[in-house]
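Asks: Below are the chains, spelled out letter by letter.
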Amino acid sequence: MSFGQLFLGVLGGLQVTATVTAYGLLFAIPFALVFGVTQHLTSGAARIMITAVIEFWRSSAVIILLFVFYYALPVFGIRLSATAVSALVLGLNTGAYGSQAIRAGLQSLDKGQLEAASALGLRRQHSMLLVELPQAVRVMAPTFVNELIQLIKGTALVSLVTLSDMTFQAKQLAEIEYNPVGVYSALLLAYFVVCYPITIFGRWLERHTGGARSLSGEF
Amino acid sequence: MSKAPISEIETGEGNKQSKAIEIAGLDKWYGKFHALKNIELSVATGQRVVLCGPSGSGKSTLVRCVAQLEGFQGGTIRVFGKRLHGLRQDASRGRPFAGMVFQQFNLFPHLTVLGNCTLALRRVLKQPAPTAREIALHHLDKVKVREQAQKFPAQLSGGQQQRVAIARALCLEPRIMLFDEPTSALDPEMVKEVLDVMTDLAKGGMTMVCVTHEPGFARAIADEVVLMDEGRIVEVSPPDVFFAAPKQERTRQFLAKVLQ
Amino acid sequence: MNFDPIMALSCVPAILGVVATTVEVTLASCLGSCILGFGLEMARRSGVSTGYAARFIIDFVRSTPALAWLYFLYFVLPRFDIVLPPMAVGIVGLSIYFGGYLAEVFKAGIDAIPQGQSEAAKALGLSRIDTMAFVLFPQMLRNVAAPIGNYFISILKATPYLATIAVPEMLGRAFDIASDTYRYAEPLVVAGVLLLLLALAAAQLVRLLERKLAHPSRR
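Protein chains in written order, with our numbering: chain A, 377 to 595; chain B, 765 to 1024; chain C, 3 to 221.
By construction, these hints were calculated from the structure, which means they are not laboratory data. Glycine is no exception: its CB is placed at the ideal position from the N, C-alpha and C atoms. Any given hint might turn out to be false.
Stated by the list, open to error - Label pairs and their computed distance ranges (CB to CB):
{"#": "1", "chain 1": "C", "residue 1": "Y54", "chain 2": "A", "residue 2": "I454", "range": "31 to 39 Å"}
{"#": "2", "chain 1": "B", "residue 1": "Q914", "chain 2": "C", "residue 2": "A216", "range": "20 to 28 Å"}
{"#": "3", "chain 1": "B", "residue 1": "T840", "chain 2": "C", "residue 2": "A216", "range": "21 to 29 Å"}
{"#": "4", "chain 1": "A", "residue 1": "I454", "chain 2": "C", "residue 2": "L202", "range": "48 to 56 Å"}
Said to hold, decoys possible - Which stretches of chain A does chain C cover? Using the computed rule of at least three CB atoms under 8 Å from a CB of chain C, they are:
{"#": "5", "segment": "400-407"}
{"#": "6", "segment": "416-430"}
{"#": "7", "segment": "541-550"}
{"#": "8", "segment": "561-569"}
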């Protein structure tokens, strides 16, 4: 097989990669918003619990978490598809990082905004939704783009739990074709082709929102 | 100081004129902004020149060009007859002809006061460590900061830091000292101690070019006061003329605003 | 089948037994990625063409998953007659991957140094090399220490990837136990918990480091 054919072969797994990413976002975005906002607003025992949940999902090794959920959930009687488990684990991990970005964004806001909002008679929840969050999201947009890229790259792990993403396709091809140089170069190139445009978009965003320099805290 | 690689200025290239600094037709742009417009200025050896003017007038830019921290597009700057070639990008810079004192001190935070002074002595003038120490302590003593030699800049007051910065520049025994608003970042109580050091320096015959907002210093020390505005030189006069009977209307306006 | 805590506990010694490998890999990869990252950043600053090349390498590495790099190196290096033990391959792979991220850390660390520092050095006649070595580098180290500490934790959490290339570390050992006993949940959970504890401990150390650095030096 020529390199071009290998490349297309690897890209055959793109749909699974995209699917897991999309489902992952379904977990990540709500988690990030809910936990980020509540961590910012609460204090005391409630905050400690919220932080514990966030830290669990943030500080665990994703690959181990993935295997644990994949193998251990059935033991507890919960049967989920590999896709669901992957989306859950990757999504909540990404969401945990996202929650920190949201919190940082909220903290960086000018307090005057909050005062103006309450002077206008807005209740805290409304001011949060209408005034603070949109600004925080705008400011942290480059960070969110980074998190998205992390998520996409994280989906490579699902090849280890039998899902046919790009990495899985590459491993299959490598066994059939016996051309590891070509196959794995194609794999690297495939991820590059998917993620690099998003990186460029993130940089464009950074320039045009004048927002915070993206905080990289994780790979 | 004999082991030092002597800068080009000293080798006798160019005429042995008495002009320390000669600026002719100097033009500088920052992109589209014309920062310095056809500047003509001479500073004789041993002369003290004070530059003043509103912010954005180009006075700092001019001093930085002489210090070779900025490049320029047109005209010439000669120091002791030798032409300067804009930014010095060479790998080994050698002993500078002018010492520079910055508004923000720019001391090296990770080195002690003594370390700040001996670094260039050892690396640029190739002095062995004990000699470097001696020279450094001597100059720190002259600015009355010797007891702080082992401290770090963060542990000193602003006035002390600036005096260290002056000593650091003097350690290399430059023939000219350049000051870019040396007291503007200081609390008022500390301005005097720095001005006293600069006054001592002037009394010792040092050629000085100083950008400052302190009219008292200008009156006491300067041989010439230069007003700059919008990138041009407006007036060059001795201090008694400048402050009492300025030649230019623009100078009058400036003085009226500043001396309120 | 239910989760067996006793069995889980019995896995602990076996998995803890390879903690040394995990830590070794983390330290070596941290060093490797610092060297690569610093080299890349220096290359980026040193000239127009090297700058573009370095920029491209950094972007390429950051757009690709670590797992892909591990596979690539593991299968491709032998084709070029470079035979390394799996652990070495893993270290090289993680060093390349995180080197791309550390290049940004070094960039930020150098950019954070006030412009006045290099101007003062220039005004004193210090050569470019001396300025770099005596003025900028020491200050850069101070600026990058905490971010590198955080990436140390990220590298720690990435060591389980090496299980996919037959390195005897914690996840690999967990799978060994699983294939012997046919019980997957327990060893995997143990590996996960132990690694999480390691990561949290490392995070505490990093926080200590940050606090120490926040105080100006007093001798």
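Asks: Would you mind marking each hint as holding or not holding in the structure?
Replies: The hints, checked one at a time:
no.: 1; hint: Y54(C) <-> I454(A): 31 to 39 Å; in the structure: 51 Å, violated
no.: 2; hint: Q914(B) <-> A216(C): 20 to 28 Å; in the structure: 23 Å, holds
no.: 3; hint: T840(B) <-> A216(C): 21 to 29 Å; in the structure: 49 Å, violated
no.: 4; hint: I454(A) <-> L202(C): 48 to 56 Å; in the structure: 26 Å, violated
no.: 5; hint: 400-407; in the structure: violated (count 0)
no.: 6; hint: 416-430; in the structure: violated (count 0)
no.: 7; hint: 541-550; in the structure: holds (count 4)
no.: 8; hint: 561-569; in the structure: holds (count 5)
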